[in-house]
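There are 4 protein chains.
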Amino acid sequence: MLFFENDYGYGAHPKVLEYLAQTNMEPVSGYGNDKFTASAAEKIKAAADCPDAQVYFLTGGTQTNMVVIDTLLRPYEGVVASSCGHVNTHEAGAIESTGHKVLTVPHKNGKLDADDLREYVQTFYADASHDHMVFPGMVYISHPSEYGTLYTKNELERLSAVCREFSMPLFLDGARLGYGLTADTDVTLADIAKLTDVFYIGGTKCGALCGEAVVFTHGNMPKQFVTMVKRRGAMIAKGRLNALQFDALFTDGLYEKICAPAVKLAIKLRDGLKAKGYRFALESPTNQQFIIVENSRLPELQSKVVYSFIEKYDAEHTVIRLATSWATTEEQVDELLSIL
Amino acid sequence: MLFFENDYGYGAHPKVLEYLAQTNMEPVSGYGNDKFTASAAEKIKAAADCPDAQVYFLTGGTQTNMVVIDTLLRPYEGVVASSCGHVNTHEAGAIESTGHKVLTVPHKNGKLDADDLREYVQTFYADASHDHMVFPGMVYISHPSEYGTLYTKNELERLSAVCREFSMPLFLDGARLGYGLTADTDVTLADIAKLTDVFYIGGTKCGALCGEAVVFTHGNMPKQFVTMVKRRGAMIAKGRLNALQFDALFTDGLYEKICAPAVKLAIKLRDGLKAKGYRFALESPTNQQFIIVENSRLPELQSKVVYSFIEKYDAEHTVIRLATSWATTEEQVDELLSIL
Amino acid sequence: MLFFENDYGYGAHPKVLEYLAQTNMEPVSGYGNDKFTASAAEKIKAAADCPDAQVYFLTGGTQTNMVVIDTLLRPYEGVVASSCGHVNTHEAGAIESTGHKVLTVPHKNGKLDADDLREYVQTFYADASHDHMVFPGMVYISHPSEYGTLYTKNELERLSAVCREFSMPLFLDGARLGYGLTADTDVTLADIAKLTDVFYIGGTKCGALCGEAVVFTHGNMPKQFVTMVKRRGAMIAKGRLNALQFDALFTDGLYEKICAPAVKLAIKLRDGLKAKGYRFALESPTNQQFIIVENSRLPELQSKVVYSFIEKYDAEHTVIRLATSWATTEEQVDELLSIL
Amino acid sequence: MLFFENDYGYGAHPKVLEYLAQTNMEPVSGYGNDKFTASAAEKIKAAADCPDAQVYFLTGGTQTNMVVIDTLLRPYEGVVASSCGHVNTHEAGAIESTGHKVLTVPHKNGKLDADDLREYVQTFYADASHDHMVFPGMVYISHPSEYGTLYTKNELERLSAVCREFSMPLFLDGARLGYGLTADTDVTLADIAKLTDVFYIGGTKCGALCGEAVVFTHGNMPKQFVTMVKRRGAMIAKGRLNALQFDALFTDGLYEKICAPAVKLAIKLRDGLKAKGYRFALESPTNQQFIIVENSRLPELQSKVVYSFIEKYDAEHTVIRLATSWATTEEQVDELLSIL
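Chains as they are written, first to last, in my numbering: chain A, 93 to 432; chain B, 93 to 432; chain C, 93 to 432; chain D, 93 to 432.
Bear in mind the hints are in silico, worked out from the structure with no lab data behind them.
The structure presented is a predicted model; accordingly, all values stated were derived computationally and were not measured.
Be careful, since some hints might not be right.
Which copy? The list can't say, so a pair holds if one copy fits it or any two copies do.
Here are the computed lysine-lysine pairs in the DSS-like style, where the Cα-Cα straight-line distance is at most 27 Å [stated by the list, open to error]: (1) Lys127 - Lys396; (2) Lys200 - Lys360; (3) Lys286 - Lys404; (4) Lys349 - Lys137; (5) Lys356 - Lys366; (6) Lys368 - Lys315; (7) Lys137 - Lys404; (8) Lys396 - Lys135; (9) Lys315 - Lys245; (10) Lys200 - Lys404; (11) Lys396 - Lys368; (12) Lys107 - Lys368; (13) Lys356 - Lys127; (14) Lys245 - Lys286; (15) Lys396 - Lys245; (16) Lys396 - Lys349; (17) Lys107 - Lys127.
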């Protein structure tokens, strides 16, 4: 059975596991007060060229979005996101569970447009009764987006400018950042560190067993952040677990080295399917491909490939997602192409 | 440097790591919908002799307490705990962050007394204005307690009876359950499953990298529990991570096999220190020992042993904690005894 | 200066004030345990022909929406509302402050359409990942709507049917119910009681100093509702205050008697303005009229009339609201017509 | 039937009602943007001699405590209160519903002792793991206390000093402030304004139908306070209602003029009962008297007087509360004394 269901179906990249095993019997203090955490943070700051940054390791993506947004917003503020933003759709109301509203702007190709954002904020402040409304307090984007699309450097710069104009921190969800950085893009990790106020580097979907590295890019970690992390049940006793994995992933560029092939294979798959006449829900340059399949093809497909159902396209077609990961092999892609 | 600071300073028990490595390249679905999760749950239900139980794997202890308490309480209810209960003292207000009050009863030897509990609840219902007060909605105990002490089977039975009398679910926090089950005790895992409504088996402090196994003992998992777990940011994409570790720990009794020696070594340490004239803050039958040390001894001690500061005892003495774990060796205990 | 800014600019209807004065020196117990509360509840149940209903008096509209929605939803649920629903736009995130998401469906003429609602809910349950999403747990509508429009009896019946099909309580916000019941409509108070699960009768905007009467239509008041009201700071010590006003308003049909003239005057105003060639943002049959005015006319208007700015219509026009109330006189409307 | 159950059993002081009637037909803007609100605020600032203060009118006591505490605390902080503090006991968990813990210190005679407070805070900061605990972020006291007792000026000064030392705002709940200011005390309204950071002047229990006036004593109202008030459902549309009552109460010293007789009558009652040999649960200098009555006396008493049950004293005695108010007459007290 071929596995293209998602990018979190396997364990960890072998080098990550090796490093866990190698350091296993070194005792260290808990809760992130250990040398592995310090080392991983330094490597990330170096890789992102942001020496004044502060790095904190959390365990999962929804948790990270919840903690970052909750700790950055004032009580009377909400977070602006595109209508398809993960925080708005598939986090079971985690943001609202912390008392904050997700303020939505219709997405364009999975992304938040800077002009749409400016208009939203200007309309808000122009409203005579905005004291009775939720203030736009920060902005959330995901890169790659939920549809696999990427912001260009110019798009990020324009979003960043709007955010700074209205004093709204810009937060970039990088759950799949490895597959974004290694795609056909003009955006580097250093660009992200420069243009956002906080972002996270996804581990779970990019080679780790778990773990997301939150980067406050300019010494702007909220006061008593650790206490607020603990308060949300998001602190783990063995802080080493998340940190060690990033320490491995940011040694010798492993993070990008293992994500790059996944993107190449996704592009090979995309181009192969295009050649066969498949249509796509939208054009994705990263490891997730959203294709439109005739319903009549699905039973056979299901017997050979694990994929994700996304949505009904029309009465006779369905959108499915095929995802590659660091664990995907060229043979698997070739076999998938031969089946489809 | 000797390490007796806590029971979460090392990585995972080698057999746990081995199992992670061995299964690493088998792809499975995410979020707990995988065969490893199913297998681990079955093994736990067998070990606890509770075939109708439902098992869910979470990542950390505070998270587990927060999720279980939040999902079991009605909005107008709080959780009753002893004054030294972890949820009341060292979770940064995680319970309150979900909108619930922790209702406290003074502890006795680190434990909640059944008679004290009954009196608390009776006084509440006798109060003419109890509609303006937080209702006692469930009861939280930890076993071993924060001070390493254990409930006897009779004490658990009496607590359980009060809880059932007043329709309050009884929740047992087993962060260190392995060290409780393998101490000098008349309480078995099956007793706990029979006498409580929900409990968790601690992984993080008992041989895993992370992970706590929540057991709803009689099919009483709250409706849409997974959605509420997700809503609190407590669901991890690679559900396999937590489950695989418990699958290993509950194969061939590994969980108790690796905790038992830690307890034995703690008792050896306790008895050795008693023989040397040391006083203890209280009598603990498990892997945590709380000793009273002259302040003048601390500088030398710190140069040779990592321990935990607990509290000032008096002007000239300090209470420190020495903890053993599955990773502690007899040589380390002997060396510690020779130092102290 | 003419006052058409809103329907809460004056004090209370004189008969309401009189009743407060008349009963002022009769001591009663607090928190709603008094004969006035009991009497007002009975009168409301009679007026709405719902003998099994439970009535509770709260103080303000946002508070009422917050308390009703928070106490009816389960933790994993959100409330479905039209995109222009008051709970979604002008309550400063009160619903989210209780941890719940407002799930929006685009409005049609200020209203939630039953077919749109059914499609929303069906799409939700058809989504393979809906366990990771906020469940639609109840439905909120306002009648009159935020734009002054009214549901027909048939529209309410169809909404009610969808709600019952999917076990979602239907909640009707009647902040301006008096102006809805006395407009050109086929919907009676008894219809509302029959077709909804909970609704509230607005006092603040319909002749009272404050106060909203929540009606759980079929004995479905949530368990320990008073405790949850208290928990949200929504209980007042002198429960008599809210109750006495409703006791007066529901004596001899005062509530409708004082609202009916306001609606008539609003229609007179509407028809008069139409005759003068004014355009309307939408057609409203109740006491709020939304007219489109040339920006150049506004300075003079502001010097003679207090009105509400609603929004920019285009570069040269603005939408303003003119509201009548129980306190508006025919002379005032005539004078306004002569000015406009 | 004599009424000594509480101080909120009657309507409003007649002068308050008169003022409501007199201003009833003057239309003003809503939500506190009106001349009555401005006038009342100025009168309060003058009475408290705090020209830089900001005044906001809310509706009830629990609501006020909830809003003030929620808006002043940071997310990782809790409020310190005495164990008998209203926020800890009889507000149904309103503080916790906003996500904050109430941190308790045992009370002394109903009050929080400055030395106990200092020790609590010092112990907190001395704890090595205080990052995992709820930070003491502000201090709550009530004056008069829940038991009717009063802080001396010196006690307030010492509490204020501790609060300033540790940067914790001091909040004084003055639900019954009128009865505190007019008792045998060396504390003036100006003292309170000088020594606290925020306090509220109780209206509901001191002559108003509803309403509490929150005073931020030195321009320290939290940013966007109105939005946060709205978010908690605590803003009323007719802001005039609360404001007008305080406008009346702070005209010509009415507030103290009507509370002083209530205190005098309570002292007459106290002294009369002492002369008859009654014992008191504690010595109260204000309008609430807590007496110990033989259970055998209660049935007869209940047939003649409405009083409040407080608690069982011992097997044969009960503590009851007798409260006077601005509405109590000397005849009523004489009759009560003749009965008891």
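Evaluation of the provided hints:
1. For the homomeric pair lysine 127 and lysine 396, the shortest alpha-carbon distance between copies (19 Å) is at most 27 Å, but the shortest distance inside one copy (46 Å) is not.
2. Within a single copy, lysine 200 and lysine 360 get their C-alpha atoms as close as 25 Å, which meets the 27 Å cut-off; across copies the closest is 46 Å, which misses it.
3. Taking the shortest alpha-carbon separations for lysine 286 and lysine 404, neither the intra-copy value of 39 Å nor the inter-copy value of 37 Å comes in at or below 27 Å.
4. Taking identical chains as interchangeable, the C-alpha atoms of lysine 349 and lysine 137 lie at most 27 Å apart only when both belong to the same chain, with a minimum of 18 Å there against 42 Å between chains.
5. For a Cα distance limit of 27 Å, the shortest separation of lysine 356 from lysine 366 inside one copy, 15 Å, qualifies, whereas the shortest one across copies, 65 Å, does not.
6. Within a single copy, lysine 368 and lysine 315 get their C-alpha atoms no closer than 55 Å, and across copies no closer than 46 Å, so neither meets the 27 Å cut-off.
7. Neither within a single protomer nor between protomers do lysine 137 and lysine 404 lie at most 27 Å apart by alpha-carbon distance, with minima of 43 Å and 39 Å respectively.
8. Proximity of lysine 396 and lysine 135 under a CA criterion of 27 Å is satisfied in neither setting, with 41 Å inside one chain copy and 31 Å between copies.
9. With identical chains, the CA atoms of lysine 315 and lysine 245 are never at most 27 Å apart, being 30 Å at best within one copy and 35 Å at best between copies.
10. For the identical chains of this complex, lysine 200 and lysine 404 are neighbours both inside a copy (20 Å) and across copies (25 Å), given an alpha-carbon limit of 27 Å.
11. For a Cα distance limit of 27 Å, the shortest separation of lysine 396 from lysine 368 inside one copy, 19 Å, qualifies, whereas the shortest one across copies, 69 Å, does not.
12. Proximity of lysine 107 and lysine 368 under a CA criterion of 27 Å is satisfied in neither setting, with 37 Å inside one chain copy and 48 Å between copies.
13. In this assembly of identical chains, the alpha carbons of lysine 356 and lysine 127 never lie at most 27 Å apart, being 35 Å within a copy and 31 Å across copies at closest.
14. With identical chains, the CA atoms of lysine 245 and lysine 286 are at most 27 Å apart within one copy only, with a shortest distance of 11 Å there and 54 Å across copies.
15. In this assembly of identical chains, lysine 396 and lysine 245 lie within 27 Å of each other by CA distance neither inside one copy nor across copies; the values are 39 Å within and 53 Å between.
16. Proximity of lysine 396 to lysine 349 under the C-alpha cut-off of 27 Å is found in neither arrangement, the shortest distances being 29 Å within a copy and 42 Å between copies.
17. In this assembly of identical chains, the alpha carbons of lysine 107 and lysine 127 lie at most 27 Å apart whether taken from the same copy (19 Å) or from different copies (25 Å).
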